[in-house]
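Protein sequence lines, in the order shown, are assigned to chains A and B.
Once you know that position 212 of the first sequence is 212 in full-length UniProt numbering, the rest is easy, because the numbers rise by one and skip nothing.
Once you know that position 86 of the second sequence is 86 in full-length UniProt numbering, the rest is easy, because the numbers rise by one and skip nothing.
Take the hints with a grain of salt, since some may be wrong.
As the list claims (entries may be wrong) - Not close to chain B: a few residues of chain A, all C-beta gaps over 12 angstroms, as computed:
1) SER8
2) PHE16
3) PRO138
4) GLY173
5) ASP177
6) GLN186
What the hints assert, rightly or not - What follows is a list of derived Cβ distance ranges for each label pair:
7) B/GLU223 x A/LYS221: 33 to 41 angstroms
8) A/ALA5 x B/ARG180: 35 to 43 angstroms
9) A/THR18 x B/ARG160: 54 to 62 angstroms
10) B/GLY34 x A/GLY31: 38 to 46 angstroms
11) A/ALA98 x B/GLN194: 39 to 47 angstroms
Derived by calculation from the structure, the hints in this document are not laboratory data.
Source: prediction; values computed, not measured.
Backbone N, C-alpha and C define an ideal beta-carbon position, used for all residues, glycine too.
Each chain, written out:
Number of protein chains: 2
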Amino acid sequence: MRFTARTSSDGVTEQFFTLGEIPGVLWTPEGACGTRPLILLGHGGGQHKTATGIVSHARRYAAEGFAAVAIDAPNHGDRPKDEEFGRIAAEMRAGMAAGEDPGALVAGMHGYLAGQAVADWQAILNAVQRLDQVGVGPVGYHGMSMGCGLGIPLIAAEPRIRAAVLGLLGVHGLAEDAARITVPVQFLVQWNDQMVSRNQSLALFDALASTEKTLHANPGKHEDVPSFEADSSLRFFARHLS
Amino acid sequence: MRFTARTSSDGVTEQFFTLGEIPGVLWTPEGACGTRPLILLGHGGGQHKTATGIVSHARRYAAEGFAAVAIDAPNHGDRPKDEEFGRIAAEMRAGMAAGEDPGALVAGMHGYLAGQAVADWQAILNAVQRLDQVGVGPVGYHGMSMGCGLGIPLIAAEPRIRAAVLGLLGVHGLAEDAARITVPVQFLVQWNDQMVSRNQSLALFDALASTEKTLHANPGKHEDVPSFEADSSLRFFARHLS
Numbered sequence: 001m002r003f004t005a006r007t008s009s010d011g012v013t014e015q016f017f018t019l020g021e022i023p024g025v026l027w028t029p030e031g032a033c034g035t036r037p038l039i040l041l042g043h044g045g046g047q048h049k050t051a052t053g054i055v056s057h058a059r060r061y062a063a064e065g066f067a068a069v070a071i072d073a074p075n076h077g078d079r080p081k082d083e084e085f086g087r088i089a090a091e092m093r094a095g096m097a098a099g100e101d102p103g104a105l106v107a108g109m110h111g112y113l114a115g116q117a118v119a120d121w122q123a124i125l126n127a128v129q130r131l132d133q134v135g136v137g138p139v140g141y142h143g144m145s146m147g148c149g150l151g152i153p154l155i156a157a158e159p160r161i162r163a164a165v166l167g168l169l170g171v172h173g174l175a176e177d178a179a180r181i182t183v184p185v186q187f188l189v190q191w192n193d194q195m196v197s198r199n200q201s202l203a204l205f206d207a208l209a210s211t212e213k214t215l216h217a218n219p220g221k222h223e224d225v226p227s228f229e230a231d232s233s234l235r236f237f238a239r240h241l242s
Numbered sequence: 001m002r003f004t005a006r007t008s009s010d011g012v013t014e015q016f017f018t019l020g021e022i023p024g025v026l027w028t029p030e031g032a033c034g035t036r037p038l039i040l041l042g043h044g045g046g047q048h049k050t051a052t053g054i055v056s057h058a059r060r061y062a063a064e065g066f067a068a069v070a071i072d073a074p075n076h077g078d079r080p081k082d083e084e085f086g087r088i089a090a091e092m093r094a095g096m097a098a099g100e101d102p103g104a105l106v107a108g109m110h111g112y113l114a115g116q117a118v119a120d121w122q123a124i125l126n127a128v129q130r131l132d133q134v135g136v137g138p139v140g141y142h143g144m145s146m147g148c149g150l151g152i153p154l155i156a157a158e159p160r161i162r163a164a165v166l167g168l169l170g171v172h173g174l175a176e177d178a179a180r181i182t183v184p185v186q187f188l189v190q191w192n193d194q195m196v197s198r199n200q201s202l203a204l205f206d207a208l209a210s211t212e213k214t215l216h217a218n219p220g221k222h223e224d225v226p227s228f229e230a231d232s233s234l235r236f237f238a239r240h241l242s
C-alpha cells in the first residue's frame, strides 16, 4: 500500500493511495490511532472514488470516528478501461436508447465487473486493517446503484462485513447472492426512480436473508436521495458497528 | 381543563387531566416553562391513552424537551361506549372471523369515530397550547394503525399540525383526506403485516400529497415495529418542529 498524498481539514485526514493496480482514498479522524470501525464506500456506475456523494459520506463517517475507504471500481476513475468493458458499455447505452429494461442491462455490466471488484475489496480490506489508525475492527459497506450491485456479491462472500447500507438497484442477477446475506441492511429506494422499477427494488429488499433489514423510500428520481438519509446511514452504522 | 394527578420521574412530568368528556395525559420536561413543540399521540384500536407504546414514546419526546399529549379516542379507554360503536365492533369481529378484508372493516370503524376524534383533538390543542409550559409552538402528530386512521382526517383539517409520523394502515377510506396533507410525513410499514396488505399500505403512502414524505418498512407483523423507529421518529420531529 503506497500513500501518495495526504491532507487534513475540519478534523478529517484524507490520504490517497494505490494498492497494486487499485487507486483509493482513506479518510480517518485527524490524529487517529488505534482500532476503529471501517466503512467501505462503493461508488455508482460511471463515477469514481472522489465523486461528491462518496467524499461527503466519507468525511461524515470520519468526523464521527470511523475510518472510510473508497476505491475506483474496475474500469472506472483512474483505472484503465478494457475492450470488453467498452463493448458492454456501448451495448448498455444502445439498449437504453432503444427502450430496453435498464435493470437487465445494468445487471449485465455489474456481472462483468463483480469478480474483480470483490477481489479488489478483499485486498483493500486486508491492507487497510493492517494500518495502526484502522486496525481489525468491525466493517460496514455502503453502496448505491452500481455500488450496491458490486456490494451484494462482496458482502455475500466476505464475513468481515457486518452491516450494509445498500439500494437504488433492482433484483436482476442478484437474488442468489442476496439470499446469502444475513447481516443488518438499510436499503434505500427512490420512489420515482427512472432507472430502477419499484417492484424490482422491493424484490431485491425481499431477497435479502437478513432478519434485520429496513427499507427507506423517498419520493424523487435515482439521483434525488434526500440529505437526511446520510444522517440515518451514520446512525445505522453506529448502531451496528460501535 | 382539569388536572387530576401529577407525578414526575426521570426528568419527565406526567399529568392526567380531563377536558369536558375527554380524558388525557400530558407529558412535559420536569420544571418546563415556556413555549415548546408539542406532539399529539393517537393510540391504536382497542388501546388507550396509557398503552405501553404511547407512554414510552411520550416520555421519550418529553425527555428531549417536547410536550406530548395523549387522549382516549371516542369509545376507548375511560370513555363510555355507545350502541352504534358496539354494533360496528361486533360486525368487524364477525367479518374478520369470516375472512373478509380487514382493511375495509377497520376503515368502517375509523370512519365512524373520525368526526368526534377530530373535534376532540382540536379542543385539546386549543387547551394545551394555553398552558405556560407548552404555549403556541409547532405541533406534530404521531399515530399508527387506528391512530393513523383518525390522524389523517385530523391533519387534513388542522393547519397547526406541521409534521406527522403515521403508518400501519392501508388507503381504504382515506385517499381524499391523504390528498389534502402536504406536511412532511414519516410513514411506517410492517412488511409482513397480518392486518394491512402491503399494496394498501404503499397506496396510502402514495396518496399523501406531501413533497417530503419518507417510508420506513421493516420485516415483521403489525405489532413488531422495531425499537429503533422510536429514535427515528424523534429525529424526524426534531428536524421539522425545532
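Okay, the hints, checked on the actual structure:
Consistency note on A/SER8: stated as away from chain B, and its beta-carbon is indeed over 12 angstroms from all of that chain's, at 30 angstroms minimum. At roughly 34 angstroms, the least C-beta separation between A/PHE16 and chain B is larger than 12 angstroms, which holds for a residue marked as non-interface. No beta-carbon of chain B is positioned within 12 angstroms of the beta-carbon of A/PRO138; the least distance is around 18 angstroms. At roughly 23 angstroms from the closest C-beta of chain B, the C-beta of A/GLY173 stays outside 12 angstroms, upholding its exclusion from the interface.
Distance to chain B confirms A/ASP177 as a non-interface residue, since its nearest Cβ pair spans about 19 angstroms, more than 12 angstroms. At roughly 10 angstroms, the least C-beta separation between A/GLN186 and chain B is not larger than 12 angstroms, which violates its mark as non-interface. For B/GLU223 and A/LYS221, the Cβ-Cβ distance of about 35 angstroms falls inside the hinted range of 33 to 41 angstroms, so the restraint holds. A beta carbon spacing of about 55 angstroms between A/ALA5 and B/ARG180 contradicts the range 35 to 43 angstroms that was offered as a hint.
A hinted range of 54 to 62 angstroms holds for the C-beta pair A/THR18 and B/ARG160, which are about 58 angstroms apart. Against the hinted window of 38 to 46 angstroms, the Cβ-Cβ separation of B/GLY34 and A/GLY31 comes to about 41 angstroms, which satisfies the hint. Checking the proposed 39 to 47 angstroms range against A/ALA98 and B/GLN194 shows it holds: the Cβ atoms sit about 44 angstroms from each other.
Of the numbered hints given earlier, the model fails hints 6, 8; all others are met.
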